[in-house]
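Visitor: Just so you know, the sequences run in chain order A and U. The first sequence begins at 1 in this note's numbering and counts up by one. The second sequence begins at 1 in this note's numbering and counts up by one.
Don't take every hint at face value.
PhoX-like cross-link-like pairs, simulated, lysine-lysine; straight-line CA separation at most 20 Å [as the list claims (entries may be wrong)]: (1) U:Lys47 to U:Lys4; (2) A:Lys25 to U:Lys86; (3) A:Lys26 to U:Lys89; (4) U:Lys89 to A:Lys22; (5) A:Lys22 to U:Lys86.
Stretch-level coverage of chain U by chain A, calculated; a stretch enters the list once three of its residues show a Cβ under 8 Å from a Cβ in chain A [stated by the list, open to error]: (6) 25–31; (7) 71–78; (8) 86–98.
Computed Cβ-Cβ distance ranges for the label pairs, DEER-style [what the hints assert, rightly or not]: (9) A:Lys61 to U:Ala74: 48 to 58 Å; (10) U:Ala74 to A:Lys44: 19 to 29 Å; (11) U:Glu110 to A:Lys44: 37 to 47 Å.
Everything labelled a hint here was simulated from the structure, so no lab data went into it. We treat Cβ as the ideally placed atom computed from N, Cα and C, and that holds for glycine.
Chain by chain, the residues run as shown.
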Amino acid sequence: MAQIDLDCRNQNCPVPLVQVRKALKKAAIGDVIEVSGTHPASKKEIPMAVEAQGQELLEVKDQGNVWIIRIKKVKEA
Amino acid sequence: MAGKTTIIVHSGDMDKVISALIIGNGSLSMGMDVSLYFTFWGLNRLKKGGLDKGPLSKMNMLGMGRRMIKGRMAKANVASLETLVKDFKELGGKIIACEMTMEVMGITKEQLRTDWIDEFGAVGTYINEARKSDITLFI
Numbered sequence: 001m002a003q004i005d006l007d008c009r010n011q012n013c014p015v016p017l018v019q020v021r022k023a024l025k026k027a028a029i030g031d032v033i034e035v036s037g038t039h040p041a042s043k044k045e046i047p048m049a050v051e052a053q054g055q056e057l058l059e060v061k062d063q064g065n066v067w068i069i070r071i072k073k074v075k076e077a
Numbered sequence: 001m002a003g004k005t006t007i008i009v010h011s012g013d014m015d016k017v018i019s020a021l022i023i024g025n026g027s028l029s030m031g032m033d034v035s036l037y038f039t040f041w042g043l044n045r046l047k048k049g050g051l052d053k054g055p056l057s058k059m060n061m062l063g064m065g066r067r068m069i070k071g072r073m074a075k076a077n078v079a080s081l082e083t084l085v086k087d088f089k090e091l092g093g094k095i096i097a098c099e100m101t102m103e104v105m106g107i108t109k110e111q112l113r114t115d116w117i118d119e120f121g122a123v124g125t126y127i128n129e130a131r132k133s134d135i136t137l138f139i
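Could you put the whole structure together from the sequences, leaning on the hints where they help?
Guide: The following block contains the structure:
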């Protein structure tokens, strides 16, 4: 089980969402994806997309003006 | 929850094609299936080298507005049309080209980016996609 880091800082809509979807498709079940970004809407929308896809949202946190979202792949995407 | 989005890309205007692709990529990112049906002026954007050649729907000003928007989009880190299409295809999005438009406008398959196009079809193809869709838009 690996951790995949995705740096989406300074990326605008819809890039962070797209990058998370790509990573979820490539990851193995059990892998954790840690995505960081600065685009405010994506902080709300990535958890929505995780829920819509039935994956597991582990954590949403802020580090200064950067948000970090951790997602676990629990099923095929 | 899976679901499907089907969009008719009727306009060839740069800003509208960007919107269609952003909605398409957003849908794919939510785990949905997506079909983009390119027809009329939209089909010009599937011509080789034609993707980013569309005018702005407003304030085009002979291409000046278009160049300005492109610059502002690059500054705001908005993905280029090229990137949007690349991501769209990578995430499994489907592109349908309208055969009737090809006939009307005298466009041949050789002129089109067939590497992007999954299917050539007419209105029946669109209806068949749309009737199974949760979201359908005309842009």
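Visitor: It remains to establish, for every hint, whether it holds in the given structure.
Guide: Status of the hints after comparison with the structure:
At most 20 Å may separate the alpha-carbon atoms for a hinted pair to count; U:Lys47 and U:Lys4 exceed this at roughly 26 Å. The straight-line distance between the Cα atoms of A:Lys25 and U:Lys86 is roughly 16 Å, inside the 20 Å bound, and the hint therefore holds. A hinted pair counts as satisfied when its Cα atoms are at most 20 Å apart, and A:Lys26 with U:Lys89 qualifies at roughly 15 Å. With a C-alpha separation of about 11 Å, the suggested pairing of U:Lys89 with A:Lys22 holds against the 20 Å cut-off.
For a cut-off of 20 Å, the pair hint linking A:Lys22 to U:Lys86 stands: about 12 Å separates their Cα positions. Given as covered by chain A, the region 25–31 of chain U passes the check, having 6 residues with a CB less than 8 Å from a CB of that chain where 3 are the minimum. Counting residues of the region 71–78 of chain U whose beta carbon lies closer than 8 Å to any beta carbon of chain A gives 3, which reaches the threshold of three, so the coverage claim holds. Coverage of the region 86–98 of chain U by chain A holds [criterion: at least 3 residues with CB-CB distance below 8 Å; count 3].
The hinted window of 48 to 58 Å between A:Lys61 and U:Ala74 is violated, with their beta carbons roughly 30 Å apart. Taking the beta carbon of each, U:Ala74 and A:Lys44 are about 25 Å apart, inside 19 to 29 Å as hinted. Taking 37 to 47 Å as the suggested C-beta distance range, the pair U:Glu110 and A:Lys44 conforms, at roughly 45 Å.
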